[in-house]
Structures are given as C-alpha cells and as structure tokens.
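Participant: These protein sequence lines map, in sequence, to chains A and B. The UniProt record's numbering puts the first residue of the first sequence at 1, with every later residue one more than the last. The UniProt record's numbering puts the first residue of the second sequence at 1, with every later residue one more than the last.
Quick caveat, the hints were computed from the structure, so don't treat them as lab data. A virtual CB, placed ideally from N, CA and C, is assigned to each residue, including glycine. Errors might be hidden in some of the hints.
[As the list claims (entries may be wrong)] When the alpha-carbon atoms are kept at most 27 Å apart in a straight line, the in silico BS3-like pairs for lysine-lysine are as follows:
1) B:Lys51 / A:Lys124
2) B:Lys216 / B:Lys89
3) B:Lys102 / A:Lys123
4) B:Lys102 / B:Lys92
5) A:Lys123 / A:Lys180
6) B:Lys206 / B:Lys50
7) B:Lys176 / B:Lys50
8) B:Lys102 / A:Lys124
9) B:Lys92 / B:Lys176
10) A:Lys222 / B:Lys216
11) B:Lys171 / A:Lys123
12) B:Lys165 / B:Lys18
13) A:Lys68 / B:Lys102
14) B:Lys50 / B:Lys18
15) B:Lys142 / B:Lys51
16) B:Lys196 / B:Lys176
17) A:Lys182 / A:Lys219
18) B:Lys217 / B:Lys102
19) B:Lys176 / A:Lys222
20) B:Lys50 / B:Lys217
21) A:Lys124 / B:Lys89
22) B:Lys89 / A:Lys123
23) B:Lys217 / A:Lys219
24) B:Lys196 / B:Lys165
25) B:Lys142 / B:Lys165
26) B:Lys92 / B:Lys217
27) B:Lys216 / A:Lys219
28) B:Lys206 / B:Lys171
29) B:Lys51 / B:Lys89
30) A:Lys219 / A:Lys123
31) B:Lys18 / A:Lys222
[To be verified] Calculated from the model, a selection of chain A residues having no Cβ within reach of chain B, i.e. all distances over 10 Å:
32) Phe14
33) Val30
34) Asp96
35) Met97
36) Gln103
37) His108
38) Glu112
39) His125
40) His155
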Amino acid sequence: MSNSAIDVPSRGGFSFDLCRRNDMLAKKGVNLPSFRKTGTTIVGLIFQDGVILGADTRATEGPIVCDKNCEKIHYMAPNIYCCGAGTAADTEAVTDMVSSQLQLHRYHTGRESRVVTALTLLKKHLFNYQGYVQAALVLGGVDCTGPHLHTIYPHGSTDTLPFATMGSGSLAAMAMFESKYKEGLTKDEGIQLVVDAICSGIFNDLGSGSNVDVCVITKGHKEYLRNHLLPNPRTFVNAKGYSFPKKTEVLLTKITPLRERVEVVEGGDAMEE
Amino acid sequence: MGDSQYSFSLTTFSPSGKLVQIEHALTAVGSGQTSLGIKASNGVVIATEKKLPSILVDESSVHKIQSLTPNIGVVYSGMGPDFRVLVRKSRKQAEQYHRLYKEPIPVTQLVRETAAVMQEFTQSGGVRPFGVSLLVAGYDDKGPQLYQVDPSGSYFSWKASAMGKNVSNAKTFLEKRYVEEMELDDAVHTAILTLKEGFEGQISEKNIEIGIIGEKKEFRVLTPNEIRDYLAEVE
Chain A
1 MSNSAIDVPS RGGFSFDLCR RNDMLAKKGV NLPSFRKTGT TIVGLIFQDG VILGADTRAT
61 EGPIVCDKNC EKIHYMAPNI YCCGAGTAAD TEAVTDMVSS QLQLHRYHTG RESRVVTALT
121 LLKKHLFNYQ GYVQAALVLG GVDCTGPHLH TIYPHGSTDT LPFATMGSGS LAAMAMFESK
181 YKEGLTKDEG IQLVVDAICS GIFNDLGSGS NVDVCVITKG HKEYLRNHLL PNPRTFVNAK
241 GYSFPKKTEV LLTKITPLRE RVEVVEGGDA MEE
Chain B
1 MGDSQYSFSL TTFSPSGKLV QIEHALTAVG SGQTSLGIKA SNGVVIATEK KLPSILVDES
61 SVHKIQSLTP NIGVVYSGMG PDFRVLVRKS RKQAEQYHRL YKEPIPVTQL VRETAAVMQE
121 FTQSGGVRPF GVSLLVAGYD DKGPQLYQVD PSGSYFSWKA SAMGKNVSNA KTFLEKRYVE
181 EMELDDAVHT AILTLKEGFE GQISEKNIEI GIIGEKKEFR VLTPNEIRDY LAEVE
C-alpha cells in the first residue's frame, strides 16, 4: 500500500522545499535574519575604445551602513569585469565561481575569454536558482569581437545595452545617462559621465554612498581606478582627541610569566618511508 | 613466470607482491618518446622529443608541454590521450584550490593531488592505470621544483630526470653534466644536448618542445624561433 503522505524525493535539480517553508514562516511573522545588501548604484557604458564600469562603495545591512568602502567591481577575466548589486554574498560567490570557470575555459581553449561566455555562465546559474540567488549584475568587457555591456537580473534574464544602470540608485544614475550619453565618447568624457552618474546615486539614494570606483577596459588593457573619487571625506575630526573623565581604578598589578611546559628536542629519527 | 596468471586484474596482487598492470604501464611509459627535466638555481626547464608519425602532420597543433597554472608546467612520456585527461583534471584541481584558499596552489600540493588521481585508477574496479609518467616543473615561494609522477601514483622530487625510450643514456648524461649552481640558460643547453644524445635523425626546432619557468614565475613554452636560437648556440 503506498502511503500518499510520504514525500517522494525529487530526481535531481535543486529542491525548493525549504523556500516554500521560508515563505510560509514569513507570512506568520517569522522573518529571515537581515543580510548584507549592497544597496548600490552600479553603471556601465560603452565609449569609443571600450567599456567603462562604475560603482559606489556603500554596503548596507537594513538601515545600517556596514561597509563604507567595499569593492563592487569584481574581476572575471583579464578583459572582463562585473559590477554587482543585491545580496553581497551572492554577487561575490557567483562572480568568483564564474571567474574560476572562465579560467579553466581559457586553459582548455588557449584563447581570451569572451564576454558572452561569462554572460551565459552567469545567467544559466541564476536561472537554475529561480531568483533565489539575489545578484543583479552589470557585466562589461572587450574581447576579439569588440566591446560589450550587459545587465543580468536575479531571475536570469539579460539585456545588451550601450549604457546601463542597476541597483537602488539606478534611477538617479539613469537620469544622468539619458540626458548626457552620446555615441563615440572619449575616455575622459566617459569617465566623467560615469562619475556624474554614480555621484547622482550617492547623493540622492540612501542605499548608495561613500566613494566612486571606476574601471576602464579597452582592447588589451584595463585600468581599475579604485576610489577614483572621494566625495564624502570625513570632516571635523577632533584634533584634541577624546578624553573620558572617569576611568577604571587600578588596585593591584601582578605579572606572572608563563612557564614553558613542553621541551622541544631538535633532530631525532625521520619518519619511516 | 607465475606472475602472468595474475596480470588480468589490476586489483589483484601477484605472489611476488607486485601489481602487474602497473609494471605494464611503466613499460608503456618506457616505450614513449624521451622527455627530461632539469632544475636550475633560478628556474626549471622541461623538454621532450616531438616525433610525429608523418611529415604531413601539422606540428604546430601538437602541444606535448602544457601549463597547469601560470607557474606550473608539465610534460609526459607515454600515451598522449591519458596525458590530456590528467592535464584537465589537474587544472581543475588547481583552480578549486585557488577558489578555496585564494592563493596559487603550491607545486607539492598539485603534484600530490595528481598523484592521488593516478593512484585511484590503480585501486578501482574496471579501470586501468594511466600509461604516462609526468614531469611537473614549477616555481613557487619554495623556489624552483621538479617532480616526477609515475603511473602507480608515486612521486619524487628530482634535480634532473629523464623518462621514455632513452632513459638510461639520458640519465647517465645528466648525472655527468649536472651542476648545482647551473643557471636556466645553461640548463636549456644541457637539456638540448641530452635530447640530442639519443635522437634519431636531425634535431631541429620542429621536432622538440621546450618549456621553461624562471624567477618571474611564469611558465611558458618556447617558440620555434627561440628553440632555433638555442640550437644554434649549442652547435
């Protein structure tokens, strides 16, 4: 007699049972612990010689800024970089994993990695997890077929665009791009536009802040400008320092040096083969 | 010899305490093309004969020396297809190590893991041992290193070693010629001379392959032009 209450284990694939349980618990008021989200403004644009990526550097845990200077532009290949928004652990793990896969692929083919390869590896992974891996990415690079810029959404859909923004500050940044972007920008114009877009996100979005990171990728060359702009310096540092009035009273000072309990004998017999 | 009754199954010891399949694998290695490696004071060189079955084969498509990581390279004697499989596995293991520890894999670790793979195939059902011996050359913080890995899964660190058809002559030659303070360029010359010893026919940049790794810790295979220059210096 088959007992219909027994759950037959599913054949292969990821099991989403615990996700259903989590949703059920959330409805009853038991929430997941808050995890570190990057909040974020990330942008990318294509200029005449290649691709420029930009990102802010604030990481948030709910209402708290947990990292004032985190790195959101991740290395994928010598000619491909990826900005990540969403859950910080997810973006880091997924870019790390695909970067590893691209390295192996480079060894096997003996060729430079292509941006579409990175794109397909990422979207396949994200689609497999049905959006539970919360990583929204802006992927950019220059390969033998030219410069490419893509956005990847957590559920696995992708867009190919000449300029793109993602994250909570994406609307503020996109406003800058839509008004000032044109084809055939020079490198300096491109960097300035990216900086303007990120700054717009930094100042107008709560989830983005601190500094601006920029990465310029051209054929055969890349420049990773970490903290290219620091528009939020810490002002008003008290030069006198802080003095706290009431200290703990020291009653007694006694120092006991530790005795060596183990004798080390040099030499001795080597272990048997 | 009573051993032949025990040579059908890999996982059975013979009365003399040997695994006959591994002996046969070593024979397969011994009939492969000669390859050798020399550890210098500031680097390692590995080299091999590249005798192709016909003059019609495109020699630029044959790569007998492969890199496993940016600072570790490998050459083999024996069966080419088995080598390809081992290279793929080793590259993946090196990459997994890097993902886990975020540091480039030390040469000893990679050799150990490759040897473990080769040993697995001597203690499993329905598989045969790999018919290759590898010479792994690498440069990490412990300095330049050269390891030989056998089909049984045992590995040894060498200052200079050879494998394949001409192994005894080559090793005698290396024993005479090896000096502790040798520099990388001298080592390349010695390697070429050693290959020349047992070479059938005319040695040229098209029928040998040489890989080097120096203090910059970047393994690379020499281009035919560079080999031609070294050959000219040796003449």
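Participant: Taking the hints in turn, state whether each one holds.
Facilitator: The hints, checked one at a time:
A threshold of 27 Å between alpha carbons decides the hint, and for B:Lys51 with A:Lys124 the separation of about 43 Å lies outside it, so the pair is violated. In summary, the hint linking B:Lys216 to B:Lys89 is supported, as the alpha carbons are separated by about 26 Å, within the 27 Å threshold. Simply put, B:Lys102 and A:Lys123 have alpha-carbon atoms about 24 Å apart, close enough for the 27 Å limit, and the pair holds. At most 27 Å may separate the alpha-carbon atoms for a hinted pair to count; B:Lys102 and B:Lys92 meet this at roughly 14 Å.
Simply put, A:Lys123 and A:Lys180 have alpha-carbon atoms about 30 Å apart, too far for the 27 Å limit, and the pair is violated. Among the hinted pairs, B:Lys206 with B:Lys50 is consistent with the structure: their alpha-carbon atoms are about 8 Å apart, no more than 27 Å. Only pairs whose Cα atoms come within 27 Å are accepted, and B:Lys176 paired with B:Lys50 is accepted, the gap being roughly 25 Å. Between B:Lys102 and A:Lys124 the CA atoms are separated by roughly 25 Å; this keeps the pair inside 27 Å, and the hint holds.
The suggested pairing of B:Lys92 with B:Lys176 is violated, with an alpha-carbon distance near 38 Å, which exceeds 27 Å. At most 27 Å may separate the alpha-carbon atoms for a hinted pair to count; A:Lys222 and B:Lys216 meet this at roughly 21 Å. Between B:Lys171 and A:Lys123 the alpha-carbon distance is near 53 Å, which puts this suggested pair outside the 27 Å criterion. Proposed proximity of B:Lys165 and B:Lys18 is supported: the alpha carbons are some 23 Å apart, at most 27 Å.
A hinted pair counts as satisfied when its Cα atoms are at most 27 Å apart, and A:Lys68 with B:Lys102 qualifies at roughly 24 Å. At roughly 33 Å between alpha-carbon atoms, B:Lys50 and B:Lys18 are farther apart than 27 Å, so this suggested pair is violated. Between B:Lys142 and B:Lys51 the CA atoms are separated by roughly 34 Å; this puts the pair beyond 27 Å, and the hint is violated. With a C-alpha separation of about 15 Å, the suggested pairing of B:Lys196 with B:Lys176 holds against the 27 Å cut-off.
About 21 Å separates the Cα atoms of A:Lys182 and A:Lys219, which keeps this hinted pair within 27 Å; it holds. Pair hint B:Lys217 plus B:Lys102 holds up; C-alpha atoms about 17 Å apart against a cutoff of 27 Å. With a CA separation close to 49 Å, the supplied pair B:Lys176 and A:Lys222 exceeds the 27 Å bound. Under the criterion of a C-alpha separation no larger than 27 Å, the hint pairing B:Lys50 with B:Lys217 is consistent with the structure, at around 25 Å.
Restraint check: the Cα-Cα separation between A:Lys124 and B:Lys89 comes to about 23 Å, which is no more than 27 Å; the hinted pair holds. For the given pair, B:Lys89 sits about 26 Å from A:Lys123 by alpha-carbon distance, which is consistent with the 27 Å threshold. Distance restraint check for B:Lys217 and A:Lys219: the Cα-Cα separation of roughly 25 Å lies within the 27 Å cut-off, and the hinted pair is therefore satisfied. For the proposed pair B:Lys196 and B:Lys165, the alpha carbon gap of about 13 Å is at most 27 Å, so the pair holds.
Proposed proximity of B:Lys142 and B:Lys165 is contradicted: the alpha carbons are some 32 Å apart, above 27 Å. For the hint linking B:Lys92 to B:Lys217, the alpha-carbon distance of about 20 Å falls within 27 Å, and the restraint holds. Distance restraint check for B:Lys216 and A:Lys219: the Cα-Cα separation of roughly 25 Å lies within the 27 Å cut-off, and the hinted pair is therefore satisfied. For the given pair, B:Lys206 sits about 24 Å from B:Lys171 by alpha-carbon distance, which is consistent with the 27 Å threshold.
Taking the CA atoms of B:Lys51 and B:Lys89, the gap is about 26 Å. The hint holds against a cut of 27 Å. Distance restraint check for A:Lys219 and A:Lys123: the Cα-Cα separation of roughly 25 Å lies within the 27 Å cut-off, and the hinted pair is therefore satisfied. A C-alpha spacing of about 57 Å is found between B:Lys18 and A:Lys222, which places the hinted pair above 27 Å, so the restraint is violated. Under the 10 Å C-beta cut-off, the non-interface status given to A:Phe14 relative to chain B holds; the minimum distance is some 20 Å.
For A:Val30, the shortest C-beta to C-beta distance to chain B comes to about 34 Å, beyond the 10 Å cut-off, and the non-interface label holds. The claim that A:Asp96 lies off the interface is violated: its Cβ sits roughly 7 Å from the closest Cβ of chain B, which falls inside the 10 Å cut-off. Some Cβ of chain B comes within 10 Å of the Cβ of A:Met97; the nearest lies about 7 Å off, and the non-interface call is violated. For A:Gln103, the shortest C-beta to C-beta distance to chain B comes to about 6 Å, within the 10 Å cut-off, and the non-interface label is violated.
Against the 10 Å criterion, A:His108 falls within the reach of chain B, whose nearest CB is about 7 Å from its own CB. Listed as outside the interface, A:Glu112 is consistent with that label: its C-beta sits roughly 15 Å from the nearest C-beta of chain B, beyond the 10 Å cut-off. Remark: the non-interface label on A:His125 is consistent with the geometry, its nearest Cβ contact in chain B lying 15 Å away (cut-off 10 Å). Annotated as non-interface, A:His155 keeps its C-beta farther than 10 Å from every C-beta of chain B; the closest such distance is 25 Å.
In summary, the numbered hints that this structure violates are 1, 5, 9, 11, 14, 15, 19, 25, 31, 34, 35, 36, 37.
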